[in-house]
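With chain G's structure known, arrange chain A on it following the hints.
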Amino acid sequence: MDALVNKRIAKVIKGDQNAFAEIVELYQHQLFQVCYRMLGNKQEAEDIAQEAFMRAYVNIHTFDQNRKFSTWLYRIATNLCIDRIRKKKPDYHLDAEVRGTEGLNMYSKIANEDELPEEELMRMEVQERVQYEISRLPDKYRAAIVLKYIEELPLAEISEILDLPLGTVKTRIHRGREALRKQLSNL
Amino acid sequence: MNTCPENVLELMNHYLDGDINPSEEQQLKEHLESCHDCREQYQALSKTIAFVQSASHIQAPSDFVQKTMGRLPKERQHAGIQRWLRRHPMLAAAALFCVLMSTALFTNFNDDQQFSFTKQPNLVVEGQTVIVPEGETVVGNLTVRNGDLRVEGELQGDVTIVNGQYMASSGVITGEIEEIDQAFEWLWFTIKEGFKDAAAIFETNDNQTND
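Sequence order for the protein chains is G and A.
Residue numbers for the first sequence follow the working numbering, beginning at 6 and rising by one.
Residue numbers for the second sequence follow the working numbering, beginning at 828 and rising by one.
Excised from the complex, chain G in its bound form (with noise of 0.2 Å):
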């Protein structure tokens, strides 16, 4: 697999862009889930998706072939939606005290930290459920919570792209899954 990637990554960098072609292909699903888990937003995650895209193409030179492109990738669209999620937050918190309790529903389409009325999770399916808690989550814990449970990466890997210590990763985990244990104490 690397082996095949990395033919590619060739490829790009002699200006094929054919070739970069097959490395999105490759790697969609992952890239775009992530997004998606990080942002809880389908638009938002795929133009994540497509910059994390564009930007490893742009500095495809600078990528270390002796490293795992996925964990590059990931590592481009982690930091691509922390910066998003966290220059989100202002417009959301002047948004939610205009609106007080009015359009309830569509904040459970976005990230939200804030809790919803007991009334309205129950009516929530489970998967509108799940991605409610985990944009729920601290921004810092959900990378991790994310990379560990739905991408299913081991913590050496999530320590990579996130770019901290071993320690600190299994600090976050363990924070965010007390994290959603408590948010779940109801269900």
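Think of the hints as simulated: they come from the structure by calculation, not from any bench.
On a predicted model such as this, the values are computed, not experimentally measured, just so you know.
Careful, some of the hints might be misleading.
Said to hold, decoys possible - Heads up, incomplete: computed chain G residues facing chain A, CB under 7 Å, no partners named:
1) 33
2) 38
3) 59
4) 154
Quick reminder that beta carbons are idealized off the backbone N, C-alpha and C, glycines included.
Frame of chain G, contents of chain A only:
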């Protein structure tokens, strides 16, 4: 509650992360069997993990690859042109030659919009008309550009008129008369002349080798 070892949460986490050694695992199991609260907490954490893992796998939209490729910066496509040039150097050279040649020919044509003619003794010029006066004899070829020619005397040679007219008159011309009016005829004429010159070079070469 106070009976719980301090490290029980830590052990739980190690267990859930999948990196626990057998003695720690034993310790944890024994404690969970005896402590209801810790067992509940452990079960809640396991349920949480199962809940997150129940998230269905999401697929990228079907046009994702195409859209992504559409967003890539375009300047890399120059690489494609460069590649083509490298693969077909002869075609590229031929194309370049054609472009340069045609521009050279057409600029020549445009530069030659001014009235001019081959300098010969005895010629008389009236405005844009070159006249071979009556009773005079001009020897040699005569080319007139952007003007007319009237021959009243005698002209011993070929006549070429570009963008002009030969006015029939009582004079005598011993050579051929050619009138060129349009750009493409001019082009054709130039090419023909080029071949004639080339042929002339070969002929002189032949003569030299024969000597």
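Checked hints:
| no. | hint | result |
| --- | --- | --- |
| 1 | 33 | 4 Å, holds |
| 2 | 38 | 5 Å, holds |
| 3 | 59 | 5 Å, holds |
| 4 | 154 | 5 Å, holds |
Every hint from the earlier list agrees with this structure, and none is contradicted.
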